[in-house]
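There are 2 protein chains.
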Amino acid sequence: MSGKVTPLSGFPEFLPSDRIVELEFLDTIRETFELHGFASIETRAVEPVERLSNQGEDADKEIYGVRRLGAAADEKSDLGLHFDLTVPFARYVLENSGKLAFPFRRYQIQKVWRGERPQEGRYREFTQADIDIVGDGTLPFHYEVELPLVIADAFSKLPIPPFRIQVNNRQIPEGFYRGLGIEDVASVLRIVDKLDKIGADKVTQLLTADGGPALSAETAKQVLRLAEISSADASFVEQVRALGVQHEILDEGLERLAAIMTAANEHAPGLLVADLKIARGLDYYTGTVYETQLIGHESYGSICSGGRYDSLASDGKTTYPGVGISIGVSRLITRLISQGLVKGSRSTPTAVLIALTTEDERAEAMRTAAVLRGRGIPVEVAPAAAKFGKQIKFADRRGIPFVLFSTENGPEIKDIRSGEQVAVDPATWAPPADDVRPSIETIQENS
Amino acid sequence: MSGKVTPLSGFPEFLPSDRIVELEFLDTIRETFELHGFASIETRAVEPVERLSNQGEDADKEIYGVRRLGAAADEKSDLGLHFDLTVPFARYVLENSGKLAFPFRRYQIQKVWRGERPQEGRYREFTQADIDIVGDGTLPFHYEVELPLVIADAFSKLPIPPFRIQVNNRQIPEGFYRGLGIEDVASVLRIVDKLDKIGADKVTQLLTADGGPALSAETAKQVLRLAEISSADASFVEQVRALGVQHEILDEGLERLAAIMTAANEHAPGLLVADLKIARGLDYYTGTVYETQLIGHESYGSICSGGRYDSLASDGKTTYPGVGISIGVSRLITRLISQGLVKGSRSTPTAVLIALTTEDERAEAMRTAAVLRGRGIPVEVAPAAAKFGKQIKFADRRGIPFVLFSTENGPEIKDIRSGEQVAVDPATWAPPADDVRPSIETIQENS
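Those sequence lines, one after another, are chains A and R.
full-length UniProt numbering numbers the first residue of the first sequence as 1 and each following residue consecutively.
full-length UniProt numbering numbers the first residue of the second sequence as 1 and each following residue consecutively.
It is worth saying that the hints were derived from the structure and are not from the lab.
Treat the numbers as computed from the prediction; the structure is a model and nothing was measured.
Don't take each hint at face value.
No copy is singled out in the list; a pair is fine if it fits within one copy or between any two copies.
With a Cα cut of at most 30 Å, we get these calculated BS3-like pairs of lysine-lysine [to be verified]:
(1) Lys221 to Lys393
(2) Lys317 to Lys393
(3) Lys99 to Lys343
(4) Lys157 to Lys111
(5) Lys99 to Lys390
(6) Lys99 to Lys393
(7) Lys221 to Lys99
(8) Lys387 to Lys99
(9) Lys111 to Lys197
(10) Lys317 to Lys390
(11) Lys111 to Lys343
(12) Lys387 to Lys317
(13) Lys157 to Lys221
(14) Lys393 to Lys343
(15) Lys111 to Lys99
(16) Lys194 to Lys111
(17) Lys61 to Lys343
(18) Lys61 to Lys111
(19) Lys197 to Lys317
(20) Lys390 to Lys343
(21) Lys202 to Lys99
(22) Lys197 to Lys221
Take the sequences, apply the hints, and build the full model.
Take a look at the structure:
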């Protein structure tokens with residue numbers, strides 16, 4: 001294989017030091033999910049295309065079809081790469097329902113693929129970290145309070161800017177729209193979902209246009225008034241009531257969202273904001289929906305989203321309602337890295353380089369390395385015998401903090417940052433705890 | 001989404017308790033790779049098809065092509081899912097050569113896809129765990145000794161049967177064949193590679209057939225004699241010499257393999273077996289090749305393979321020779337699980353279930369859960385208030401070892417295995433270390 005290599009747009013890859021940041025994030029997220037009792041699963045990358053289709057948001061044409069190059073030319077591609085982890089999870093639940101214990105709490109950290117036009121924060125391949133809880137037949141409401149608290153717990157351990165979880169209940173706009181006499185609720189929801197991206201004027205134009213829902217100017221105004229309501233407590237209810245629209249679905253939505261805000265404020269005051277413009281593009285959500293903004297990075301869009309879905313998984317006899325939330329890991333990390341907010345402390349796990357003066361020392365160096373590794377210290381032996389300065393340079397280039405030399409007086413270790421060199425016994429010496437593993441360096445204090 | 005769901009052949013998925021086994025394996029492998037100073041990278045799932053093609057082993061028609069469903073009907077699919085991690089890594093090295101420090105040690109644990117006919121141990125989607133070391137221009141020979149030692153270190157920490165790493169150098173058969181006057185070395189190698197699968201008679205038939213390499217009966221016999229040689233030390237050299245074939249490439253191969261055997265025996269006596277029938281199907285290997293058998297499971301084939309490749313990555317100016325080895329994680333684990341050799345100790349990370357007598361206790365239970373999680377103990381709160389017996393059953397079904405009840409006398413914790421129930425202070429109580437996380441239960445002693 002040879003010749004010029006150019007990156008594929010929308011398929012980001014990390015250099016080793018940035019990958020260290022990603023691994024740290026993934027480890028912290030996984031650890032938090034497990035502390036909250038979520039079990040890991042992985043689903044295959046492909047699903048039958050008909051299972052992936054019709055989930056809204058122009059998703060169909062963005063699906064990547066998959067087929068063997070050796071397949072006959074006229075053979076239809078009936079498999080596609082999953083574009084999220086919720087649809088495959090619903091299928092997994094149906095397939096294994098007899099072997100799972102419900103309510104089933106699972107986390108899933110995997111790549112997903114969407115054939116979108118790539119732009120900052122929008123990739124064709126990216127990693128999501130999802131938690132979902134699925135019941136058989138019914139699913140208690142309290143899980144809708146619990147999930148954002150799990151996310152808040154994970155985020156509190158990560159070097160990220162302050163964030164805001166926005167929550168809504170789809171029944172609120174649905175009931176409100178029905179109360180206004182709007183029939184095509186889904187179309188209006190999808191237009192309102194673009195409010196942050198395209199602004200109120202453009203939304204009004206789309207809502208009132210002949211090709212679209214063709215709302216009257218006054219109805220469109222009411223739709224926008226609802227979308228502009230937000231509150232850090234249950235006071236949004238009064239604001240909605242003041243708009244004078246009545247519908248029983250609206251009442252139910254208001255009651256449920258108020259209950260979430262009240263319960264969340266008990267456990268994590270200020271964490272949630274009721275924001276009535278939040279809709280989520282995917283069609284499978286039926287109740288509560290979540291989005292998350294990094295404060296100061298609002299225009300970047302949501303880095304963690306989800307919601308309640310009541311009918312995604314059904315085998316005809318039983319329906320498995322669920323609620324889930326998904327961290328856009330790639331979106332989050334590429335933002336922090338590209339803004340220079342985080343970086344890896346080195347480009348390799350190695351904490352100690354064992355230097356060689358002659359190739360004859362290699363066998364002994366390998367034994368010394370094994371001793372250090374046995375005590376959990378990452379070590380590598382120099383690729384070749386070389387002079388002192390060259391070995392230091394090798395370590396420095398990778399950010400390896402310590403170089404071990406064999407001297408006439410026995411082994412000595414040099415901290416290449418301070419220059420300090422001391423005699424050591426490899427059987428007992430250990431680096432300071434912070435130097436054993438690479439870590440994330442934050443450039444800006446987070447609050 | 002509804003209706004009957006059937007598994008896709010060749011795309012295995014684990015239930016939560018088996019996934020716990022897989023996670024344990026992956027964590028141990030990663031930890032070992034990092035202790036040996038390998039840096040993590042991930043590459044995108046897709047490569048341009050022309051980069052994936054022509055790697056031998058009928059790989060081309062087994063590649064999964066990928067294209068957007070929204071693409072024009074006559075648009076050629078020019079992307080494919082990677083079928084290994086070596087080809088993408090070589091591309092990554094070329095793409096980032098200016099930003100990497102050489103020799104570059106990396107590990108990569110990812111899914112790969114091959115459109116093969118599924119059978120036991122052969123999947124269409126599976127996980128590999130690779131280590132490779134790549135140099136710029138040159139790569140010292142000692143890495144060919146080091147890599148199998150890293151694998152042996154990882155395997156020594158895993159609950160797997162005894163194993164045998166078989167090693168060969170492709171220069172040996174190549175030089176030997178050339179010494180016999182054989183011109184189409186690649187075809188003969190590919191046929192010999194099937195020896196374990198199809199047996200000596202069938203191999204002889206293929207070697208002498210008119211459509212194939214059309215060797216004479218005596219030449220085919222010599223080819224088979226070479227393939228039958230193996231030794232746990234460097235004594236294979238004499239056995240080859242006794243066959244009376246001469247070629248300078250053969251001499252070089254023998255010398256190198258003897259050096260590996262000698263060095264490996266210094267560090268891990270008995271770990272490597274020189275086995276001259278080992279060839280590897282992929283065309284990019286140029287020197288040392290490795291395969292690994294589980295003893296007692298020889299017919300299952302190799303669970304860890306690799307080799308040296310000198311010309312996989314070249315940008316015209318610089319060539320980046322490498323050596324790598326890849327653990328077939330899915331192959332290995334599905335074998336152990338299907339044979340009943342390992343299982344997860346429970347189906348969830350949860351160590352403690354907090355029971356609820358009434359729904360009013362939920363807020364307090366959530367606070368208690370947070371206290372335990374803060375000390376690293378995985379906890380979940382019961383989905384609903386229920387009677388004593390039902391809560392025990394909930395925990396038992398998932399293998400959760402402890403249930404915490406609030407009683408008139410304060411919180412008490414029950415070990416549901418022993419039935420023992422004691423008063424505890426959640427701020428200080430912890431389960432025994434072995435119960436904090438799920439683990440792997442081995443059914444058969446491994447030696």
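**Study point:** Intra- versus inter-copy proximity for Lys99 and Lys221 (alpha-carbon distance at most 30 Å)
**Key:** neither (51 Å within a copy, 54 Å between copies)
Exercise for review: Go through the copies and call it for Lys197 and Lys221: within, between, both or neither, with a Cα cutoff of 30 Å.
Suggested key: within (18 Å within a copy, 74 Å between copies)
Review point. Quick one: Lys317 to Lys390, C-alpha cut-off 30 Å, is that within a copy, between copies, both, or neither?
Key: Classified as between: cross-chain Cα gap 24 Å, same-chain 70 Å, threshold 30 Å.
**Study point:** Up to 30 Å CA-CA - Lys99 versus Lys387, copy category
**Key:** Intra 62 Å, inter 24 Å, cutoff 30 Å: inter-copy only.
Practice item. Pop the pair Lys157 and Lys111 into one bin, within, between, both or neither, using alpha-carbon distances up to 30 Å. Key: both (23 Å within a copy, 29 Å between copies)
Exercise for review: Could you figure out if Lys99 and Lys343 sit no more than 30 Å apart (CA to CA) within one copy, between two copies, both or neither?
Suggested key: between (43 Å within a copy, 15 Å between copies)
Review point. Using 30 Å as the alpha-carbon threshold, which applies to Lys194 and Lys111: within, between, both, or neither?
Key: within (25 Å within a copy, 35 Å between copies)
Check your understanding: Taking 30 Å as the upper bound on the Cα-Cα distance, should Lys111 and Lys343 be classified as within, between, both, or neither?
Key -> Classified as both: same-chain Cα gap 22 Å, cross-chain 26 Å, threshold 30 Å.
Check your understanding: Given identical chains, is Lys317 near Lys393, meaning Cα to Cα at most 30 Å, within a copy, between copies, both, or neither?
Key -> between (67 Å within a copy, 25 Å between copies)
Check your understanding: Between copies, within a copy, both or neither: which fits Lys202 and Lys99 at Cα up to 30 Å?
Key -> This pair counts as neither: shortest intra-copy Cα distance 50 Å, inter-copy 45 Å.
Review point. How do Lys61 and Lys111 come out at 30 Å by Cα distance, when the copy is not named: within, between, both, or neither?
Key: Cα proximity of Lys61 and Lys111: in one copy and across copies (19 Å, 25 Å).
**Study point:** Alpha-carbon proximity between Lys387 and Lys317, which holds within one copy, between copies, both or neither at 30 Å
**Key:** between (74 Å within a copy, 28 Å between copies)
When held up to the earlier numbered hints, the structure conflicts with 1, 7, 13, 17, 19 and 21 and fits the remainder.
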